[in-house]
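Participant: Okay, here's what each chain looks like letter by letter:
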Amino acid sequence: MSEDSFQEDTVSVADRLAAEALIVDVDGFEGPLDLLLTLSRTQKVDLRKISVLALAQQYLAFVERAKALRLELAADYLVMAAWLAFLKSRLLLPPDPSEDGPTGEELAAHLAFQLERLQAMRDAAARLMGRDRLGRDFFARGQTQEVTRTRKIQYTATLLDLMQGYARIRTRDEFRPFVMDREAVFTMEQALDRMRGLIGFAGDWTDIVSYLPEGWEMDPARRRSATASTFAASLELVKEGHLEIRQSETFAPIQLRKKDRPA
Amino acid sequence: MTDDAPDTEEEQSLFEAPPMGEQERMVEAILFASAEPVSLRELTARMPHGSDPAEAIVYLRKRYEGRGVNLCKIGDAWAMRTAPDLGFLMQRETVETRKLSRAAIETLAIIAYHQPVTRAEIEEIRGVSVSRGTVDQLLEMEWIRFGRRKMTPGRPVTFVVTEGFLDHFGLENARDLPGLKELRAAGLLENRPPPGSLPVTGEVGDEDEESTQGQSELFED
Amino acid sequence: MTDDAPDTEEEQSLFEAPPMGEQERMVEAILFASAEPVSLRELTARMPHGSDPAEAIVYLRKRYEGRGVNLCKIGDAWAMRTAPDLGFLMQRETVETRKLSRAAIETLAIIAYHQPVTRAEIEEIRGVSVSRGTVDQLLEMEWIRFGRRKMTPGRPVTFVVTEGFLDHFGLENARDLPGLKELRAAGLLENRPPPGSLPVTGEVGDEDEESTQGQSELFED
Chain A
1 MSEDSFQEDT VSVADRLAAE ALIVDVDGFE GPLDLLLTLS RTQKVDLRKI SVLALAQQYL
61 AFVERAKALR LELAADYLVM AAWLAFLKSR LLLPPDPSED GPTGEELAAH LAFQLERLQA
121 MRDAAARLMG RDRLGRDFFA RGQTQEVTRT RKIQYTATLL DLMQGYARIR TRDEFRPFVM
181 DREAVFTMEQ ALDRMRGLIG FAGDWTDIVS YLPEGWEMDP ARRRSATAST FAASLELVKE
241 GHLEIRQSET FAPIQLRKKD RPA
Chain B
1001 MTDDAPDTEE EQSLFEAPPM GEQERMVEAI LFASAEPVSL RELTARMPHG SDPAEAIVYL
1061 RKRYEGRGVN LCKIGDAWAM RTAPDLGFLM QRETVETRKL SRAAIETLAI IAYHQPVTRA
1121 EIEEIRGVSV SRGTVDQLLE MEWIRFGRRK MTPGRPVTFV VTEGFLDHFG LENARDLPGL
1181 KELRAAGLLE NRPPPGSLPV TGEVGDEDEE STQGQSELFE D
Chain C
2001 MTDDAPDTEE EQSLFEAPPM GEQERMVEAI LFASAEPVSL RELTARMPHG SDPAEAIVYL
2061 RKRYEGRGVN LCKIGDAWAM RTAPDLGFLM QRETVETRKL SRAAIETLAI IAYHQPVTRA
2121 EIEEIRGVSV SRGTVDQLLE MEWIRFGRRK MTPGRPVTFV VTEGFLDHFG LENARDLPGL
2181 KELRAAGLLE NRPPPGSLPV TGEVGDEDEE STQGQSELFE D
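Protein chains in written order, with my numbering: chain A, 1 to 263; chain B, 1001 to 1221; chain C, 2001 to 2221.
Since the hints were derived computationally from the structure, they do not count as laboratory data. None of these values were measured; they are calculated from a predicted model. It is possible that part of the hints are untrue.
Said to hold, decoys possible - Capping the alpha-carbon separation at 16 Å, the derived lysine to aspartate or glutamate pairs in EDC-like fashion look like this:
hint: 1; chain 1: B; residue 1: K1099; chain 2: B; residue 2: E1140
hint: 2; chain 1: B; residue 1: K1073; chain 2: B; residue 2: D1176
hint: 3; chain 1: A; residue 1: K258; chain 2: A; residue 2: E236
hint: 4; chain 1: C; residue 1: K2150; chain 2: C; residue 2: E2121
hint: 5; chain 1: A; residue 1: K152; chain 2: C; residue 2: E2121
hint: 6; chain 1: A; residue 1: K258; chain 2: A; residue 2: E240
hint: 7; chain 1: A; residue 1: K152; chain 2: C; residue 2: E2140
hint: 8; chain 1: C; residue 1: K2099; chain 2: A; residue 2: D204
hint: 9; chain 1: A; residue 1: K259; chain 2: A; residue 2: E189
hint: 10; chain 1: B; residue 1: K1181; chain 2: A; residue 2: D123
hint: 11; chain 1: C; residue 1: K2073; chain 2: C; residue 2: E2096
hint: 12; chain 1: A; residue 1: K67; chain 2: A; residue 2: D46
Could you build the full structure based on these sequences and the hints that come with them?
Facilitator: Next up, the structure:
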């Protein structure tokens, strides 16, 4: 078909020669879009008024010629050829109402837009490169002066640093390797275990103090740890719905009661 | 120590700012001594506390109007540059710029006019895949740099032009690119979604940038 | 072609020399862009025929008088130079704040709590030798200074804290430094007290006032 359409084209000899030159030059193109843009120049019209149908025919003719010359075209040229053949048929045939998707005109318009955009970018690039340029048309200072950067370091410390530093020295002998002193720590896990076993018996409000593990009430450090973990464990059990907790006022005893689970 | 205005106010009572004429001289000296554009921030940092380099620049720029050397604004920075009409005197100083390939020039223009732009978008506009070397060369020349990632699936990186690019081409900012307005008015800077499946623009029909993604595969030789 | 006067005269009929204002611009641009001072001879060679750079320089030099940049003669060449009084602008000072090292803090603390104190005493308290650098640093910061010599054999120098130190830490005098017990009470000590004695729990309420007295004694455990 392309051979025919090539004949149908009213192209001059010069154009035909140009088209052949294109084929030989195919390596010089940056892909199908670049080739299409070059081909479109033979139409000698504003890119906005370009005939995409004619362009498609030109492209297909080009691919045919290339095949005849046994030139190997890269796959993307063939993909474009297939697509243009499809576009051509869409443009030539009356639209099939049962078929959805873009119309031939929409596709053609987009291709025209792409070509116009590419051309616009090339023109812009040329204008950009044609500007006065630093180091060619205008110049920076030839003899620059180094800016010496001096870095001033200001040391600071806070009173807290100072006091902690001093305390560190004065209490050095007290330091032991940094390990947790497990002896005076009652963990929350331990407290939870203990509480879980005990709450079954707490039908009535009971002071939290009575839940402290035996032997931990006297030593202040142990008492503190046990109180904290027992309290935390209680909160956890409240959250789980096993326990109720109350305190009548600030610093008043904290009391616990087993919560009857709703059936 | 920061160079922001707020703390200069405080200092002003301690160190009076020099008279504007002096500030003008200072800006002149600093800009003169530097080949690179100097930002207002840097000027402020180097000048005595309480100085207002922005105002000094207004005077200085006026002073150098029409002279052999001019004050140029480049992004947020300022630089002294010889007047372009005197370039012919400076053959000796001419720096050979590396020849850029056509692909590199086009890619540069696309980044400048479309920034921030993803690699996929560049490829869509050019209709071919962008070779790694092209982008590397532009990055190396410090004419482009990475911009923010696009908030589209895959969060692709974008490219934008640098201050060095503006400086090289004598542009105050990227909005001053020649013909930018016309191109925008003509809709040629839009990212127009392809109708249906065009091979050039990928299979995806929706209007997102993502549609431009993956097209490089189509053009991989 | 030579640059001597005789043949410029000849050329003058063919190429009119640019107006002096233009020549001034040219000299300005050339001197600005050159990496080295430029001789009159070279200026003549680079400027259009019939130009008189020597005269242009007279005007240009006048123009830059008192400015941030001056025209200077170096040998028989000319160059633009930053005005000598603005040299200070060519450096940028950045202030970096750093935390004092632990060794320095400890040394400083000992001096503050035990002043006047000799180096040997500091070392005894710290249990390690005090490096020369640490003391120098504190002296340089003007947080410590030399006090009176001790009336002990060898008459060692002592160190005391300065007004600057008190100022920095917001103290009226060194005796205002809180004692160890107070530090503990305030929860400032991260260390764990020796097992058995549990001062952390309380007994805090005791007389704070006395702690300011003869501080060192209070710290003896």
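Participant: Each hint: holds or not?
Facilitator: Comparing the hints with the structure gives:
1. A threshold of 16 Å between alpha carbons decides the hint, and for K1099(B) with E1140(B) the separation of about 13 Å falls inside it, so the pair holds.
2. Distance hint between K1073(B) and D1176(B) is fulfilled; the C-alpha atoms sit about 12 Å from each other, no more than 16 Å.
3. For the hint pairing K258(A) with E236(A), the CA-to-CA distance comes to about 13 Å; that is within 16 Å, so the pair holds.
4. Between K2150(C) and E2121(C) the alpha-carbon distance is near 11 Å, which keeps this suggested pair within the 16 Å criterion.
5. The straight-line distance between the Cα atoms of K152(A) and E2121(C) is roughly 32 Å, outside the 16 Å bound, and the hint therefore fails.
6. The hinted pair formed by K258(A) and E240(A) meets the criterion: a straight-line CA distance of about 12 Å does not exceed 16 Å.
7. Between K152(A) and E2140(C) the alpha-carbon distance is near 13 Å, which keeps this suggested pair within the 16 Å criterion.
8. For the proposed pair K2099(C) and D204(A), the alpha carbon gap of about 57 Å is over 16 Å, so the pair is violated.
9. Proposed proximity of K259(A) and E189(A) is contradicted: the alpha carbons are some 21 Å apart, above 16 Å.
10. The hinted pair formed by K1181(B) and D123(A) meets the criterion: a straight-line CA distance of about 14 Å does not exceed 16 Å.
11. Under the criterion of a C-alpha separation no larger than 16 Å, the hint pairing K2073(C) with E2096(C) is inconsistent with the structure, at around 40 Å.
12. Our distance criterion of 16 Å between C-alpha atoms is broken by K67(A) and D46(A), whose separation comes to about 30 Å.
The structure shown violates the earlier hints numbered 5, 8, 9, 11 and 12.
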